[in-house]
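We have chain A; now place chains B, C and D onto it with these hints.
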Amino acid sequence: MRPTRLRLVAFLAVAAASLAACGGGSSAGAGSSSSAAAPSESASAPAATAGAVKEGLKIAILPKAINIPYFDAAYAGAQKACAEIKAECEQIGPTQATGAAQLQFINTVIQKKYDALVISAADANSVVPALKKAQDAGVAVVTYDADVADTSARSVMVKPTTPDLIGKSQVDWISKAVGSGGGEIAILSAAATAENQNAWIKIMKDELAANHPELKLVDTVYGDDDAAKSAEKAAALMQSHPNLKGIISPTTVGVAAAAKYISGSKYKGTVQVTGLGLPSEMKAYVKDGTVKSFGLWDPGMLGYLGVYAAGVKASGGDPKAGFKAGDKDYTVDGDGVAIVGPPQEFTAENVDQFTF
Amino acid sequence: MRRDAAVLFGQLGVDLDPDRPARGLSIADQQIVEIAKALSTDARVIVMDEPTAALSASESERLLDVARRLRDGGAAVVFVSHRLDEVFALCDRLTVMRDGATVRTCPVAGTDAGEVVRWMVGRELTDLFPKTGTTPGDVVLRVRGLTTDGVFDDVSFDVRAGEIVAFAGLVGSGRSEVVRAVFGIDRYDSGSVEVLGSPLPPADPRAALARGVALVPEDRRQQGLFMPASVARNTAVVVLSRLARRGVVRERAERELAAHWAQRLQLRHGGLDQPVERLSGGNQQKVVLAKWLATDPRLLVVDEPTRGIDVGTKAEVHRLLSEQAGRGLAVLMVSSELPEVLGMADRVLVMREGRLMATLDRGEATQERVMLAATGQASVAGEGSAA
Amino acid sequence: MNGGLRRVLAGREAPVAGALVVVLAVTTAVNPRFLSDQGRFDLLVAIAITGLMAVGQTFVLVMRHVDLSVGSVLGLSAFMAGSAVRGDTGGSLLVALLVGVVVGVVAGLVNGALVAFLRLPALVVTLGTLYVFQGVQALLTGGTRINADQLPASVVSFGVTGFLGVPWLMWVCLLAAAVGGVFLRTRRSGRDLYAVGSNPPAAELVGIPVARRTLLAYMVSGACAGGAGVLFLARFGGVDSNAGIGYELPVVAACVVGGVDIFGGSGTVLGALLGAMLLKTMGVSLSALSVPEFWQQAINGLLLLVAITADRIVLLRRERSARVEAARHRREHAGAVPDPPRDGADRAGHEGATTTEVVR
Amino acid sequence: MSRVLSWDRSVFVLLVVTVAVGAVIDPDFAGGSNLGFVLQDIGEIMLIALPMTFLIMTGEIDLSVASTAALAGCVLGWAWQASGSMAVAVLAAVGTGVVCGAVNGFLVTRLGLGSLAVTIGTLGLYRGLCYALLGDTTVADFPAGWTNLGFSSIPGTPLPYVTPLLVVLAVAFGVVLHLTRTGRWVFAVGQSVEAARFAGIPVARLKFRLFVVTGAVAGLAGIVYDLRFASARPDGALGFELAVIASVLFGGVSIFGGVGTMWGVVSAVLFLGSVRSLLQLQGVPGNALTIITGGLLLASVVIPVVAQRWSAFRERRSRVLAAATP
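Protein chains in written order, with this note's numbering: chain A, 6 to 361; chain B, 10 to 396; chain C, 29 to 388; chain D, 57 to 382.
Derived from the structure by calculation, the hints contain no laboratory data. Note that this is a predicted model, so its numbers are computed, not measured. For each residue, glycine too, the CB sits at the ideal point set by N, CA and C. Keep in mind that the hints are not guaranteed to be accurate.
As the list claims (entries may be wrong) - Listed below are several chain A residues computed to face chain C (Cβ distance under 10 Å; list not exhaustive):
1. Gly143
2. Ala214
3. Gln244
4. Lys265
The following block holds chain A by itself, in its conformation from the complex (with noise of 0.2 Å):
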């Protein structure tokens, strides 16, 4: 365990990150009142139906980075609301995944005048002023998969599930995987500034400390979602707690690097290993045995969402009001956020059927 002073020095800048991340979006909400009037004349427009959605919107889909499948997966389900609304749709984006590299890329959408953007953001804060400056210049802007630290830069964010559901399931499997004797586990995760990670391994905290005494989580190490450094640390970790039993990856990176490690390793079958995983990449590791299940949520659905919001908001309405999509209807919660579902839940027997 990290020495005491440390933990306690980020947790208070956690608070404080957080206790800031509220008072500047409320501040930040007031100071852009030209913005807001923009929402408050469409506010008393009908509800928004599916009808709503006019045709012919032109939607820029900017992921994290692009060349990576999760994110093409969800372009994919993209394409198909954009076929189903009639509107033009493209993918643009920065080949790595930082907040610096995706602000170019919302200054062409501001420049070429795109309708709405449907952004992951690759960090929480950078790109929060130029979002605000994109809905400034009449960009309807949605989050999907990733948040922004400032609910007004954005009208709506598509989540592919709850943090809640995301951590206890995690949990749920490494458990089930480890068996009822218990043990060690440690988490491998992505950077250590990444926002939703840091959310789900809180989450996975709590859970482990209210229902799962046998369990003791020992160590949390950070892949940075780069392959060889994720494999380098799931081995570091075995030196470091040899009596380790289970690692729960909540990234795609670092849970293939964890299971391709342990598969060939003398570990295979005493060490569990689960997390959130692409069913394309983790193929290999359910059928030999090394991982007994992961889960994930359908990246299409996040795109597929993602962008009937943003064609509502771009159309004059508020998504915040709930919206539909395809013929179900979604409600939306209080912070403007949307569920798409819970997790999928991967094993060898169905792990065939999924294609992303």
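Below, chains B, C and D without anything else, positioned relative to chain A:
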């Protein structure tokens, strides 16, 4: 491979350890290694470009022996040199070139040095060493017990205003190292350096400059000049603070300074903006001299001031040094050319293996005495320390 | 002969090997599992890729050049090799290796041609090709990714199995190091690389075909990076468009720690490999010693600085003692007059040095 | 290099042509808001490129600049939270840059280590300290007044607030490099370190100061970065070092030192920013942008060499022809 190397060195009549890194070898031995390298490829034609420029007399002799052996073994040797005595000692035929064109090719036997010099410079050369007699003034430089472990040991001497003092000795005897230490390029372990009566801080060339010491370094291309920079910039680089107003260098003052010195040294150049790398060796050396004379020094240290430059420019450099000494400048000259040492110096300091072996006045300095002291073959009467 | 032993002890590899032993000993004492069968295996797997690239990089560095494009070449080769054997279940490991190495050699040819024939600065050229190769790879991969289930079993198991307790990946690295080391040490063209690196104009004058040797060095570096791409593919059972990004500086760092002179002319493949081992081992040992996660990178950077500083101090001390030794030798053997070594002074390059030319 | 074909002039011409062509084919490109964006986007790169030009001119290099900027950015966030005063935080951040530069300078000039090796080491060290300082947190509560400086425009103009800073520093660095004694020294050291020592130029002190200035300006860039992204984070400015060096080299500064101009570098940064923006607006994918960046960098060294060989060839031929005619 090591055995092959040893055999080659044997053929060349030298005793070298094949395992030694080339970096630590004397220049003479490095040349031998170069030649061994050529032999290892069974070369039939060997071109030697100024092979003795950095060598002292005895070392040169050894190299000439090697060249003769190569010739006798059936190889063709092309020997490029500024040293006419070597040409006459070694070569069978000679070709004189001037300004990129061949002036004449003829057998060595049918000509003499005077004629060759005339072909080289294209005119009669009257006075090679225009030394004028001067009366020495106050002591400008006083060095006492200067020592750097393993390099030179307990070196003491004085240089007076208006005097030309020459450092003679073999290459590697520590002469250049002493003047580098005096100027502050290298740190020394013990001893003292005084300029005009007050001590000079060690390892601080700026302090030396501020006190009127200037050093024309041994290696013109690496140490003396900024090759891609213009004549004007090279001339002005040491005196920039004098040319600057509120930190901004006045280009006009810089050009005036350069033009002044170019004219005084009869620099043949294609404009003050011409990069010095396009100048001939002799003209490059003039730029180096101009650069240091522009600092208006009290003590001018010159290290091999005429190495690798043509005979005509050599004479001009010698005239300049004499003239400056005549005006009261103290000159300390390191040179491997005995005629230059004997022709120019008021006093000759001879070094061997890091120690000062002899101090000879102009009257008592002869080629034999200097060489004997330099090679240590017999001890020579002399003060051994400062006069 | 005893000269051999003397050279080994005087070499710059000895301190690196010593440091490696110390790190291994200390870490094992604190955490005995560090060198357990599995721990050792994992460590060697982690070393293999950087090690192989460091072997190739040595060829370029001793020539006073550098190859920054190795990370991009790794990514490109891993993807091309993966595509070549994708869906093929037969024994196609050799095909993958062949494709990977060929891709690397071609990339090396591009770098080498620009550096050798146009005489462009290596740092600028390979920084440029770093971007170009990376872009080409990303264009070729597009959104695709090669996964473990698409690769032949021979490739995937190559990444996790071994022979005599040493992973196959490490055997590849060791084989390359052995061949490369012997070549540099004993072959004439290998020695030429050092000659070029310590004094390019002089090398040209003694008739070394400098351009051809430069091309060769870049092809070797490319081939190693290409081979490392296949190792990457085997180790991670797949490849995506981010493979190899940011690998170049750690590889150069490994060589520098291993005593390869960044200004050319000296350094050995063995040293580079030891450097890669030392850096990786230090990194892994920090985890094994339970150093807090967030401090590990800082400590790693600090250790790298300590390593190069220590190397420099050892070198300076050795030069000084050599100088005093030479002076003593000189006094004892009057007549032979060695020139005292000066820092950085490269006398052979000066005007006036003999130059020999061969006319056949 | 031939005077007429000098690379820095070519880069400036390229910049003008790019902007002109861009304005014709894409009206959005030449718009005020895009101009402002481009200036903002190149801000940190331009800042760090100014002192980096000096360093590369003297034959040194600093690969740790991005890590230095990130560390200064982290210190800005940390100090703001600790002290509650932005003035204190800004001072602490710039001070961090100075210390980082001084460490590099010390290792290079006092211990005589190669700057490439040293700054690969400090690149890791400074980045590691970012994580040690902030760990998995992000500081995002900077006062709105300050973050507005980072991303809004000067009222009445499309220009970001960083513009005056860029102009003042670029002019200042240009004046120092080309008109002052220090600048002459920089050229001299780059052309021959040994000759510079013999000319009494305090080489070690000059280089040490250049490293310190580079660190300080990198620290400043770290602040600009934090304000632009309204947050301080340990992985800020990642990978900027190669972008900065690519810009400096593209601007005609020789990697061997001694050759280059400040306006060439400034033109290069502006050109690369404009090209990137233009291509982005044309919908050219990010991968192609990577290839173009690398290709331009290669062109910057290939074209002058080819041009030089061509002119040397023509000169030789005309001499031969002149000699042939009676």
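The hints, checked one at a time:
| no. | hint | in the structure |
| --- | --- | --- |
| 1 | Gly143 | violated (30 Å) |
| 2 | Ala214 | violated (21 Å) |
| 3 | Gln244 | holds (4 Å) |
| 4 | Lys265 | holds (5 Å) |
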